[in-house]
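**Student:** We have chain A already, so just place chain B on it with the hints.
Listed below, chain by chain, are the residues.
2 protein chains.
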Amino acid sequence: MNKQVVAGIDIGGTKIALALETLAGERVAARRLPTTVELGPERILENVARSIEEMLAETGTKLTAIGIGCPGPIDIERGLALSPTNLPEWIDFPLVETIKKRFCVPTVLDNDANAAALGEYFYGAGRGFRDMLYVTISTGIGGAIICEGNIHHGVGASAGEVGHTIVKPDGRLCLCGTKGCLETIASGLSIARRMRETLAASNGKTTEDLDRITAETVVEAVKKADETAQKIWDETIKFLAVGIGNAITLIAPEAVIIGGGVSEAGELLLKPLRCEIGKNVTMLPIEKVEILKASLGSESGVCGALILARQAVKKMHENVY
Amino acid sequence: MNKQVVAGIDIGGTKIALALETLAGERVAARRLPTTVELGPERILENVARSIEEMLAETGTKLTAIGIGCPGPIDIERGLALSPTNLPEWIDFPLVETIKKRFCVPTVLDNDANAAALGEYFYGAGRGFRDMLYVTISTGIGGAIICEGNIHHGVGASAGEVGHTIVKPDGRLCLCGTKGCLETIASGLSIARRMRETLAASNGKTTEDLDRITAETVVEAVKKADETAQKIWDETIKFLAVGIGNAITLIAPEAVIIGGGVSEAGELLLKPLRCEIGKNVTMLPIEKVEILKASLGSESGVCGALILARQAVKKMHENVY
Chain A
127 MNKQVVAGID IGGTKIALAL ETLAGERVAA RRLPTTVELG PERILENVAR SIEEMLAETG
187 TKLTAIGIGC PGPIDIERGL ALSPTNLPEW IDFPLVETIK KRFCVPTVLD NDANAAALGE
247 YFYGAGRGFR DMLYVTISTG IGGAIICEGN IHHGVGASAG EVGHTIVKPD GRLCLCGTKG
307 CLETIASGLS IARRMRETLA ASNGKTTEDL DRITAETVVE AVKKADETAQ KIWDETIKFL
367 AVGIGNAITL IAPEAVIIGG GVSEAGELLL KPLRCEIGKN VTMLPIEKVE ILKASLGSES
427 GVCGALILAR QAVKKMHENV Y
Chain B
127 MNKQVVAGID IGGTKIALAL ETLAGERVAA RRLPTTVELG PERILENVAR SIEEMLAETG
187 TKLTAIGIGC PGPIDIERGL ALSPTNLPEW IDFPLVETIK KRFCVPTVLD NDANAAALGE
247 YFYGAGRGFR DMLYVTISTG IGGAIICEGN IHHGVGASAG EVGHTIVKPD GRLCLCGTKG
307 CLETIASGLS IARRMRETLA ASNGKTTEDL DRITAETVVE AVKKADETAQ KIWDETIKFL
367 AVGIGNAITL IAPEAVIIGG GVSEAGELLL KPLRCEIGKN VTMLPIEKVE ILKASLGSES
427 GVCGALILAR QAVKKMHENV Y
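As given, the protein sequences belong to chains A and B, one line each in that order. Last residue of the first sequence: 447 (our numbering), numbering continuous. Last residue of the second sequence: 447 (our numbering), numbering continuous.
One chain only, chain A, in its complex shape (with noise of 0.2 Å):
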């Protein structure tokens, strides 16, 4: 009898990441593919499944469950992805539905940050822990509570939303329609637009010299000692110790994972952070919280993937017995 396994599809704006790992956890096949916009969800959905099936067929193994990362907003229950920012053609699409009817097998979906959080708790920084908040800081600030090992779903399906609870009252506007959240201020798009106008209003620069400004380069600077980047890093800190903190008052997390872009600034990040949190967080014993950075880089994804499909088996097997 062929092995068993379970297949993890990571979806991104850019790439999607596909593994198969057998019941055991053993990974036995991993692929990438660009995610070429323009093809459209079902073309793109049909490449997917065409690289399953040639996995599955080199590796010798069965299929017995499918688990998929997708943008948010997604509608969990339904099994839709509902135009995600990057995928906008993806108009309530059935993703679940797409998937499931190729291969006959329960599929799974969850949004990007709850599925990569899955993945750091259960193959990366967040092993060991009991409870855990995942923080990702890239171009945007996502984030997912994971309990006991399932994710925290709650209304909507949206719980975990750090970077969109409020950290400075009558802040700037966010996108999302309200003002002053996290994400105004320290998401990868929201430092790099400070430094811009930090900088747009202290003195010569040129449009392109403004235009070429990233978080990166923000932290690049400040390695180098540059005043006015540090500025900008430390207010950054600031209010992310609000934000993380804040969550850390109410959920009391053994751990707090960050993982995205910014969190590449590693130390430069951590340590400052961890300092700041400790001053806002006096309702628990901050020490026992440990704030760490992610460890799976790109791969955080189709981990999680992998294990809400090793989930849904387990799920499947208890309502059988």
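Heads up, some of the hints might be wrong.
Because identical chains share one entry, a pair is satisfied inside a single copy or across any pair of copies.
Within a straight-line C-alpha distance of at most 25 Å, the following computed SDA-like cross-link-like pairs (lysine to any residue) qualify [what the hints assert, rightly or not]:
#	residue 1	residue 2
1	Lys-414	Cys-302
2	Lys-414	Thr-148
3	Lys-397	Cys-302
4	Lys-141	Ile-417
5	Lys-188	Leu-410
6	Lys-405	His-279
7	Lys-188	Gly-151
8	Lys-414	Ala-283
9	Lys-405	Gly-198
10	Lys-227	Thr-332
11	Lys-397	Asp-335
12	Lys-331	Leu-206
13	Lys-227	Glu-168
14	Lys-414	Pro-199
15	Lys-441	Leu-206
16	Lys-129	Lys-405
Hints listed in this document are in silico derivations from the structure and should not be mistaken for laboratory results.
**Tutor:** Just chain B, lined up with the frame of chain A:
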């Protein structure tokens, strides 16, 4: 054979509520004792124990477990009261051991906000919801999270402290040691203090007038269309909507139940609060989150203590069978 019952003990700064219920949930006896603080914890608990013995004798019932709610800080694992503000003599007092020695049944301790939240979840305004955030606005602001019928404790058993989330960075110093906590603006004490400060700055009120101001008198003045009181109240609502809104964005509970003395303002509080929260929470369908007044009043704590006892009985059975 005598009918089996559980006992609930709710220890407060001024009163102690006791109740017995059958395992089926029928209330068979209840009492209230004054918390005669000057007697010290040993003699107070002796009175509590004797009252429970009398209630058991009067009803001809047999005790199977005890739940205790006590103001924090407490040590749940070791069953200690750690000098609560209202009970300053209870320094590392072995509450669970003292009661357990007397009755020889499983005895569970939790803090008063967690107990009150459990009470509202199973007997009160929180019935029928999956996950619930409980917020109590009285002298201070406490909170608790109930997930599928269980208290979410987290690190240090201190999750849910919405009163100590920061809603105004660099704001007023809180007793907890950080700045700009929700409690520094919206607790009963803070509402009264802000009213006093505003009036003292604006006109010739006497010290006596100012000393009479409480959160309750502010609410009464709002009802009488007092402009200053309305301004204080609006600001209270604004920051409650930031703190509670942030908690909703993070936890996405099906219900927020608001108790404590300030919640007695009823719709004067809840109506504008729902409106402001609606503006602040954008990542989930806020119309699916019920924001309601607690319905048990001072009974919530003892109801929750009974649930703690009932959960201890259930756990015992699970371990045996």
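**Student:** Could you run down the list of hints and mark each one as holding or not?
**Tutor:** So, going through the hints one by one against the coordinates:
1. Lys-414 <-> Cys-302: For Lys-414 and Cys-302, only the inter-copy Cα distance (18 Å) is at most 25 Å; the intra-copy one is 33 Å.
2. Lys-414 <-> Thr-148: Neither, since 35 Å and 39 Å both go past 25 Å.
3. Lys-397 <-> Cys-302: Close across copies (23 Å), not inside one copy (30 Å); limit 25 Å.
4. Lys-141 <-> Ile-417: neither (28 Å within a copy, 41 Å between copies)
5. Lys-188 <-> Leu-410: neither (48 Å within a copy, 38 Å between copies)
6. Lys-405 <-> His-279: between (29 Å within a copy, 21 Å between copies)
7. Lys-188 <-> Gly-151: For Lys-188 and Gly-151, the Cα distance is within 25 Å only inside one copy (14 Å; across copies 51 Å).
8. Lys-414 <-> Ala-283: Between copies only: 12 Å across, 28 Å inside.
9. Lys-405 <-> Gly-198: between (33 Å within a copy, 21 Å between copies)
10. Lys-227 <-> Thr-332: neither (55 Å within a copy, 78 Å between copies)
11. Lys-397 <-> Asp-335: Cα proximity of Lys-397 and Asp-335: none, with 30 Å in one copy and 50 Å across.
12. Lys-331 <-> Leu-206: neither (45 Å within a copy, 62 Å between copies)
13. Lys-227 <-> Glu-168: Intra 13 Å, inter 68 Å, cutoff 25 Å: intra-copy only.
14. Lys-414 <-> Pro-199: Only across copies: Lys-414 and Pro-199 sit 17 Å apart there, 33 Å inside one copy, limit 25 Å.
15. Lys-441 <-> Leu-206: within (21 Å within a copy, 40 Å between copies)
16. Lys-129 <-> Lys-405: Intra 52 Å, inter 52 Å, cutoff 25 Å: neither.
Checked against the numbered hints given earlier, the structure breaks hints 2, 4, 5, 10, 11, 12, 16 and satisfies all the rest.
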